[in-house]
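Novice: Sequence:
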Amino acid sequence: MVHPPLVIPVLVTTDLPPQTDLAELGRHIADAITVLNPPAGPIYSGHLNGRAFWLGPACPPPIESDRSAPIAGQLRFAVLLGVLTAAASPKVYAAI
103 MVHPPLVIPV LVTTDLPPQT DLAELGRHIA DAITVLNPPA GPIYSGHLNG RAFWLGPACP
163 PPIESDRSAP IAGQLRFAVL LGVLTAAASP KVYAAI
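Heads up: the sequence shown begins at 103 in this note's numbering, then just goes up one per residue.
If you're looking for bench data, these hints aren't it; they were derived computationally from the structure. By construction, the Cβ of each residue, glycine as well, lies at the ideal position given by its N, Cα and C atoms. Each hint can be trusted.
Simulated restraints on C-beta separations:
1. Ala-142 - Val-181: 31 to 37 Å
2. Leu-177 - Ala-125: 15 to 21 Å
3. Leu-177 - Pro-106: 38 to 44 Å
4. Arg-129 - Phe-179: 15 to 21 Å
5. Ser-147 - Glu-126: 21 to 27 Å
6. Ala-134 - Phe-155: 16 to 22 Å
Construct the complete structure from the given sequences, taking the supplied hints into account.
Specialist: Laid out in structure tokens, this is it:
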């Protein structure tokens, strides 16, 4: 039985400190999903293709001139948007 490759859209959102390296965020997520191991069926080896980016400016300008600027340590909204492609291992095909 041949299992077709999977194509899965991926959207990850999170709040992070402004000094966070978004490339590192992308690597952590990619590492977490490089192997899909369902309880039953073949093991899928995956590849994530996408981008991580900030949504919104680092510190929005104050709305009123007498308001203080936002605290530098505030969290920012980050997004990873991509596509995970995965195919069953050839070793799995031989075992099926």
